Amino acid sequence: MTRLLVGPFNRVEGDLEVTLDIDDGRVTSARVNAPMYRGFEQILQGKNPHDALVYVPRICGICSVSQSVACARALASLGGIQPPPNGQHVTNVMLATENLADHLTHFYLFFMPDFTRPVYARQPWHAEALRRFAPQTGEQTRSAIAARQRWFTLLGTLAGKWPHTQSIEAGGSTRPVEAAERIRLLAKVREFRSFLERELFAAPLELITGLDSEQALWDWHAQDPWRGDFRLFLSMVQSAGLASLGPGPGRYLSYGAYPQPGGGFEFGSGVWLASTGSLMPLDVSGIREDATHAWLSDVAGPRHPVEGITLPDIDKPDAYTWNKAPRLAGQVIETGAIARQLAAAHPLELDAVRRHGGTVYTRVLARVLELARVVPMMENWLRQLQPNAPYCVPSPAFTEGVGVGLSEAARGSLGHWVVASRGRIANYQIVAPTTWNFSPRDKAGTPGALEQALEGALVQPGEATPVSVQHIVRSFDPCMVCTVH
Amino acid sequence: MTNPAFNVLWLQSGGCGGCSMSLLCADTTDFHGHLRDAGIHLLWHPSLSLESGHELIGLLEQIVSGQVRLDALCIEGSLLRGPHGSGRFHVLAGTGIPMIHWVRQLAAQARHVVAVGSCAAWGGVTAGGSNPTDACGLQYEDDRPGGLLGSEFRSASGLPVINIAGCPTHPGWVIDSLMALASETLGDADLDTLGRPRFYADQLVHHGCTRNEYYEYKASAEKPSDLGCMMEHRGCKGTQVHADCNTRLWNGEGSCTRGGYACIACTEPGFQEPGHPFHETPKFAGIPIGLPTDMPKAWFVALASLSKSATPRRVKLNAVADHLVVAPLARKTRLK
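Quick note, the sequences are listed as chains Y and D, same order.
Counted the way full-length UniProt numbering counts, the first sequence spans residues 1 to 485.
Counted the way full-length UniProt numbering counts, the second sequence spans residues 1 to 336.
Just chain Y, with the same shape it has in the complex (with noise of 0.2 angstroms):
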């Protein structure tokens, strides 16, 4: 057995490190480590909680809005208000625009330029790849840059500023759209789904949304398997292997994303079952997190956000990770688009993961997937805002009691639980989607999901930075200044 230390990882969130135990040419057993902290819970005590909505977008720059999201929510639960039906759908647009970017350039940025490796080279793609994807010279790479500077114009209008917005609040938004606005903001939403119909999908995109199975996406695949970047994916997915690349845990959690004005989601929430191919509802005092591996103390087990503590502990022995490992109802799961898309029984996904199961193939179909599905229902949001119609209620003053924000970030389920006393923030704990997907072991000693995914992945010789291992951790396009905040 040989164990190899691979780091620093890029094209990633963050500081990432992974050691690996290999034997025969296949990784036996994996350790996740996230080497950077920065205390963001401990900086949040004693803070006026409204204050939070200055601090916690600032935990990450590649998907702020989501913070913002899940800790207005948070306030709002806490201060027991509603936020108009127009700040529900402005808050939609706003956390829509900031997902699908993070997909984009999680396609073209993050993921697809390790297929320009010279591992690569007698793939009958690469000359191909490298036209497309090569890191600052890549075409593909190049014009998706300038399609993500443009669909980010949408929140300087809505937002002020990307990333780092506060413009979202508890009761709803502070910037109102003008009537002559909205026009302009769908013209620009349209600009980007003129930019996925062209380069990523080369079809409508309500083609793709309604490819209904694996023989369908494989039909129209098959039609000119290298048009457009996304069927060229799909060429890569046959020789590459990626279908069976990366199994997860086989759980998947969805908190509900894009909540409508007349309740419920556009997506629905619950718990994706692979053994039983069903989904459970959704239990949230089920959650707990199990410091036994983090540099962090760990009295008292395994706790309940709420009563959550987040308190730097180094020399803890047996410790390899600044990421707790969160549990629902004790087990390891997987979130992320591919679990908001089982949860909302999307037939292709459904069908993709039932033969699959969560591989680095059918995660970043569900990416893809959701860029398809959202543009047109941030079509609709927009056109049923109500000019002159509020915005933003009034908060108050969140003196005494205990709020959740639970969000959807484009990289899976985001929760922010935060308990006020005299008016000042007792405790604020974050559980965010790459804790949960990059946890390290728990007390019984069981792997987290990017931990579970990476064993039996292909070393080959000579390899220190193996390329199955990079596709594997970059197909949950990680976020880990999220993860430790």
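Please keep in mind that the hints were generated in silico from the structure rather than gathered at the bench.
None of the values given here were measured: they were computed from a predicted structure.
Yeah, the Cβ is synthetic: ideal placement off N, Cα and C, and Gly gets one too.
Possibly wrong hints are sitting among the right ones.
[Said to hold, decoys possible] Pulled a few chain Y residues facing chain D out of the computed Cβ check, cut under 7 angstroms:
1) E13
2) C60
3) W125
4) G156
5) E169
6) F265
7) P396
8) A464
9) V467
[As the list claims (entries may be wrong)] With a Cα cut of at most 16 angstroms, we get these calculated EDC-like pairs of lysine to aspartate or glutamate:
10) K308(D) with E216(D)
11) K47(Y) with D192(D)
12) K188(Y) with E273(D)
We have chain Y; now place chain D onto it with these hints.
Frame of chain Y; chain D shown alone:
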């Protein structure tokens, strides 16, 4: 003969990655072409480079040993000195070595050292609250000179650390700074007393604020989403804060005040601990404590009370509404 490319290495430490994500929103149709045309070569950037793991460590070692020329070391995020000066709150993955040691060694080789964002400049939000990680900036700790590299530090060019402060920093500030450095047109006189490039730090956020008519009449917003001036009640520090946010807009057409929320002074040292709730204006005897810095207080108070008494009805009503309730009159007479 063309000049050799201007080699830039970009590393992240105790921040959120937001300045990198903001950088990609630079106003250009071809981000990489824009840099390349300016002679800028990214040796490595965490979001934009193929090289991973051992490939990057090899590059860092070559820079430290002087085999690869480093023209600008860009650091994003604050420097985590804790616990107890060990730097172990951030170990560079794959190396077992704290990031602060890497940064000291790389800074010693760099022609220029650039702090990208308020974390790298002053410590920023990471240094908030009890500052659990003992975070600081490259050459400042809030407004106190020192930081990781010390107040006497000068890079090989002779310049101190260039502080492109902001949370996040504006992509235009970064690109303009790098292009000016690459063309050797940024010198000591182009930096303000805190090491910020003066092309953006000689402006105030107040300049170009679309709420200036409300400011003139002290017609003030009272709650989130109101249209009025946010200085009197909502904590806005735009009249005191150095940045061109309202003339060089964000993401096409944004700024904090245009987004409906107060300027929190994110380009200024120590902004993360204002000593009052961010969106409330601290007052003494009903008068805001933070008044424009270059105006006698008595004059300000006198003018404010005078203009307040002269506020047009239109401005007064619109200030506390979330949309125009009274439009400017359209008179039939020709403009004079």
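Taking the hints in turn, this is what the structure says about them:
Interface hint at E13(Y): satisfied, since its Cβ lies 5 angstroms from the closest Cβ of chain D, which is below the 7 angstroms cut-off. At about 5 angstroms, the closest approach between the beta carbon of C60(Y) and any beta carbon in chain D falls short of 7 angstroms, and the interface hint on this residue holds. Using the Cβ-Cβ criterion of 7 angstroms, the hint placing W125(Y) at the interface with chain D is not satisfied: the shortest such distance is roughly 17 angstroms. A hinted interface residue such as G156(Y) counts as satisfied when its beta carbon comes closer than 7 angstroms to some beta carbon of chain D; here the least separation is about 3 angstroms, so the hint holds.
This hint holds: E169(Y) has a C-beta 5 angstroms from the nearest C-beta of chain D, less than the 7 angstroms allowed. About 25 angstroms separates the beta-carbon of F265(Y) from the nearest beta-carbon of chain D, more than 7 angstroms, and the hint is not met. Given hint, P396(Y) at the interface with chain D, is violated; its Cβ is 12 angstroms from that chain's nearest Cβ, farther than 7 angstroms. Checking A464(Y) against chain D: minimum C-beta separation of about 4 angstroms stays under 7 angstroms; hint holds.
Residue-level restraint check for V467(Y) is violated (minimum Cβ-Cβ distance to chain D is 10 angstroms; threshold 7 angstroms). Between K308(D) and E216(D) the CA atoms are separated by roughly 8 angstroms; this keeps the pair inside 16 angstroms, and the hint holds. For the proposed pair K47(Y) and D192(D), the alpha carbon gap of about 32 angstroms is over 16 angstroms, so the pair is violated. Distance check on the hinted pair: K188(Y) and E273(D) sit about 37 angstroms apart at the alpha-carbon level, beyond 16 angstroms; violated.
The structure is inconsistent with the numbered hints 3, 6, 7, 9, 11 and 12, although it conforms to all the rest.
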